[in-house]
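Visitor: Sequence:
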Amino acid sequence: MVQRDLKEVEEIFKRNLQYLKGKYDIKLIYVFGSYSKGTNTKNSDLDIGVLLGNGYDTMDKLSLIGDLVSIFKRDDIDLVVLNSANPVLRHQVIKHGKLIFEENEDVKVEFEVKTLREYMDMEYFRKVQMDVIKE
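Position 132 of the sequence shown, counting from 1, maps to 132 under the working numbering, and the rest follow consecutively.
Take the hints with a grain of salt, since some may be wrong.
Unchecked claim - Here are the computed lysine-lysine pairs in the DSSO-like style, where the Cα-Cα straight-line distance is at most 27 Å: (1) Lys108 <-> Lys61; (2) Lys14 <-> Lys98; (3) Lys127 <-> Lys21; (4) Lys95 <-> Lys108; (5) Lys61 <-> Lys98; (6) Lys21 <-> Lys108; (7) Lys108 <-> Lys7; (8) Lys21 <-> Lys37; (9) Lys37 <-> Lys7; (10) Lys37 <-> Lys98; (11) Lys73 <-> Lys42; (12) Lys108 <-> Lys98; (13) Lys23 <-> Lys73.
Said to hold, decoys possible - Restraint-style ranges between C-beta atoms, simulated for each label pair: (14) Asp106 <-> Asp57: 33 to 39 Å; (15) Gln129 <-> Lys98: 25 to 31 Å; (16) Leu89 <-> Met59: 18 to 24 Å; (17) Asn54 <-> Leu89: 19 to 25 Å; (18) Asp131 <-> Ser63: 41 to 47 Å; (19) Ser84 <-> Glu105: 19 to 25 Å; (20) Val2 <-> Leu89: 23 to 29 Å; (21) Phe125 <-> Lys42: 35 to 41 Å; (22) Asp25 <-> Asp131: 17 to 23 Å; (23) Lys21 <-> Leu62: 15 to 21 Å; (24) Gly38 <-> Met1: 15 to 21 Å; (25) Asn104 <-> Asp57: 19 to 25 Å; (26) Met59 <-> Lys7: 28 to 34 Å; (27) Gln18 <-> Tyr124: 40 to 46 Å.
Hints listed in this document are in silico derivations from the structure and should not be mistaken for laboratory results. Even for Gly, the Cβ is constructed at its ideal location relative to N, Cα and C.
Using the sequences and the hints, build the whole thing.
Guide: Next comes the structure, spelled out in structure tokens:
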């Protein structure tokens with residue numbers, strides 16, 4: 001079943017939020033990619049970024065993917081655990097994604113400030129790398 005738009009995705013998350021939060025200690029949920037831009041088609045995957053509490057592992061990610069596949073009734077979910085994502089990807093999720101759940105404002109601010117700081121720290125190196133590629 002393909003969700004029509006971001007609003008439908010948000011409604012499905014709302015109906016299942018207590019279950020997901022209790023099982024996975026989810027702090028933040030973002031939807032990014034075509035659904036957040038409103039450009040999704042019937043062939044679009046569903047891009048979801050989550051920030052989890054401390055102590056998550058690979059099995060938690062796999063289990064969460066399985067639960068999301070069941071909840072959304074689709075197998076084309078691209079899950080990014082933001083705790084371990086690189087600063088560039090985290091920055092893109094913050095900048096272009098849609099925050100659909102925050103445990104509290106402090107968690108969101110701390111995550112976004114940390115991400116922006118790391119992204120800006122790496123900006124010089126990305127510029128040097130691009131200059132080398134252009135040569």
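Visitor: Work down the list of hints and note, for each, if the structure agrees.
Guide: Here's how the hints hold up against the structure:
As the CA atoms of lysine 108 and lysine 61 are separated by approximately 20 Å, the hinted pair is consistent with the 27 Å bound. Between lysine 14 and lysine 98 the alpha-carbon distance is near 14 Å, which keeps this suggested pair within the 27 Å criterion. Pair hint lysine 127 plus lysine 21 does not hold up; C-alpha atoms about 39 Å apart against a cutoff of 27 Å. This hinted pair checks out: lysine 95 and lysine 108 have alpha carbons roughly 13 Å apart, not beyond 27 Å.
A distance of roughly 21 Å separates the Cα atoms of lysine 61 and lysine 98; the hinted pair therefore holds under the 27 Å criterion. With a C-alpha separation of about 15 Å, the suggested pairing of lysine 21 with lysine 108 holds against the 27 Å cut-off. Proposed proximity of lysine 108 and lysine 7 is supported: the alpha carbons are some 21 Å apart, at most 27 Å. Among the hinted pairs, lysine 21 with lysine 37 is consistent with the structure: their alpha-carbon atoms are about 25 Å apart, no more than 27 Å.
Proposed proximity of lysine 37 and lysine 7 is supported: the alpha carbons are some 12 Å apart, at most 27 Å. For the proposed pair lysine 37 and lysine 98, the alpha carbon gap of about 9 Å is at most 27 Å, so the pair holds. Between lysine 73 and lysine 42 the CA atoms are separated by roughly 14 Å; this keeps the pair inside 27 Å, and the hint holds. About 13 Å separates the Cα atoms of lysine 108 and lysine 98, which keeps this hinted pair within 27 Å; it holds.
This hinted pair checks out: lysine 23 and lysine 73 have alpha carbons roughly 19 Å apart, not beyond 27 Å. Under the hint 33 to 39 Å, the C-beta atoms of aspartate 106 and aspartate 57, about 25 Å apart, miss the expected range. For glutamine 129 paired with lysine 98, a C-beta distance near 30 Å keeps the hint of 25 to 31 Å intact. A beta carbon spacing of about 22 Å between leucine 89 and methionine 59 agrees with the range 18 to 24 Å that was offered as a hint.
Remark: the range hint 19 to 25 Å for asparagine 54 to leucine 89 is upheld by a beta-carbon distance near 20 Å. Evaluation of the 41 to 47 Å hint for aspartate 131 and serine 63 yields a pass: the beta carbon distance comes to about 43 Å. The supplied range of 19 to 25 Å is met by serine 84 and glutamate 105, whose beta-carbon atoms lie about 23 Å from each other. For valine 2 and leucine 89, the hinted distance range of 23 to 29 Å is satisfied, since their beta carbons lie about 24 Å from each other.
A beta carbon spacing of about 39 Å between phenylalanine 125 and lysine 42 agrees with the range 35 to 41 Å that was offered as a hint. Separated by about 42 Å at the C-beta atoms, aspartate 25 and aspartate 131 break the suggested range of 17 to 23 Å. A beta carbon spacing of about 18 Å between lysine 21 and leucine 62 agrees with the range 15 to 21 Å that was offered as a hint. Separated by about 19 Å at the C-beta atoms, glycine 38 and methionine 1 satisfy the suggested range of 15 to 21 Å.
Taking the beta carbon of each, asparagine 104 and aspartate 57 are about 24 Å apart, inside 19 to 25 Å as hinted. Take methionine 59 and lysine 7: their Cβ atoms lie about 32 Å apart, and the range 28 to 34 Å holds. At about 44 Å, the beta-carbon gap between glutamine 18 and tyrosine 124 stays in the expected band of 40 to 46 Å.
The structure shown violates the earlier hints numbered 3, 14, 22.
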